[in-house]
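Generate coordinates for the entire structure from the input sequences, incorporating the hints supplied.
Each residue of the sequence shown is one higher than the one before, starting from 86 at the first, in the working numbering.
One or more hints might be untrue.
What the hints assert, rightly or not - Restraint ranges, calculated between C-beta atoms of paired labels, are given here:
id, residue 1, residue 2, range
1, Lys183, Lys224, 25 to 31 Å
2, Glu88, Met225, 42 to 48 Å
3, Pro173, Arg236, 43 to 49 Å
4, Asn199, Glu220, 18 to 24 Å
5, Asn241, Leu86, 18 to 24 Å
6, Glu229, Asp176, 19 to 25 Å
7, Met211, Leu242, 43 to 49 Å
8, Arg236, Asn199, 52 to 58 Å
What the hints assert, rightly or not - Cross-link-like lysine to any residue pairs, in silico, SDA-like; alpha carbons within 25 Å at most:
id, residue 1, residue 2
9, Lys227, Glu179
10, Lys218, Asp175
11, Lys219, Gly238
12, Lys215, Gln194
13, Lys227, Leu165
14, Lys210, Leu191
Because the hints were derived from the structure by calculation, they are not lab data.
Keep in mind that this is a model prediction, so the values were computed, not measured.
Backbone N, C-alpha and C fix where the C-beta goes; we use that ideal spot for every residue, glycine too.
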Amino acid sequence: LPEVWRLYFASVRAATFRNWPFTEGCACTPERVSAGPGRRERGRAGADGLPPLCPQMAAAGFVHCPSENSPDVAQCFFCLKELEGWEPDDDPLEEHKKHSADCGFLSLQKEPANLTVQEFLKLDKMRMRKALKKEVSQKMTKVEDKAKVQRCGIKNL
Numbered sequence: 086l087p088e089v090w091r092l093y094f095a096s097v098r099a100a101t102f103r104n105w106p107f108t109e110g111c112a113c114t115p116e117r118v119s120a121g122p123g124r125r126e127r128g129r130a131g132a133d134g135l136p137p138l139c140p141q142m143a144a145a146g147f148v149h150c151p152s153e154n155s156p157d158v159a160q161c162f163f164c165l166k167e168l169e170g171w172e173p174d175d176d177p178l179e180e181h182k183k184h185s186a187d188c189g190f191l192s193l194q195k196e197p198a199n200l201t202v203q204e205f206l207k208l209d210k211m212r213m214r215k216a217l218k219k220e221v222s223q224k225m226t227k228v229e230d231k232a233k234v235q236r237c238g239i240k241n242l
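What follows is the structure, given as structure tokens:
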């Protein structure tokens, strides 16, 4: 499977949280039981070596993508919404809904593995559209910034 399709599986997203900064006393820790079917039983690690319980963060669609200055950045693999500054009592699913209510992943009625090919391709088309819009927007911003620099250079001639 392409890497981005593998992210539809919570266990793959969970693997990105190996260095998650919150470990105790928080709603957004790997120790909390994830919502939904397919979670592992307490204390039973999988053959892939993942923690015994899938983090709520992964169950909510997030992958951990830390930066040097922000160790708690999490991004939804589907809508690409990035959230940081997690508080101990933040519920990942509720935060995701609050900041990105139109995320297609949040509206799934069944596990991705149980989707028909047609349902999956329709869903992934939505994800790809969001990713493409974000990429185009970022490139447009870069072009606009470079154009601004060039205009300033021309004015100073």
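Hints, verified against the model:
1. Lys183 <-> Lys224: 25 to 31 Å: Holds, since Lys183 and Lys224 (Cβ atoms, about 29 Å apart) stay within the stated range.
2. Glu88 <-> Met225: 42 to 48 Å: This hint is violated: roughly 26 Å between Cβ atoms.
3. Pro173 <-> Arg236: 43 to 49 Å: 47 Å, holds
4. Asn199 <-> Glu220: 18 to 24 Å: 30 Å, violated
5. Asn241 <-> Leu86: 18 to 24 Å: This hint is violated: roughly 53 Å between Cβ atoms.
6. Glu229 <-> Asp176: 19 to 25 Å: 37 Å, violated
7. Met211 <-> Leu242: 43 to 49 Å: 47 Å, holds
8. Arg236 <-> Asn199: 52 to 58 Å: 54 Å, holds
9. Lys227 <-> Glu179: 33 Å, violated
10. Lys218 <-> Asp175: Violated: Lys218 and Asp175 sit about 29 Å apart, past 25 Å.
11. Lys219 <-> Gly238: 29 Å, violated
12. Lys215 <-> Gln194: 20 Å, holds
13. Lys227 <-> Leu165: Holds, because 19 Å separates the two Cα atoms, which is no more than 25 Å.
14. Lys210 <-> Leu191: At roughly 15 Å apart (the allowed maximum being 25 Å), Leu191 and Lys210 satisfy the hint.
This entry does not satisfy hints 2, 4, 5, 6, 9, 10, 11, going by the numbered hints stated previously.
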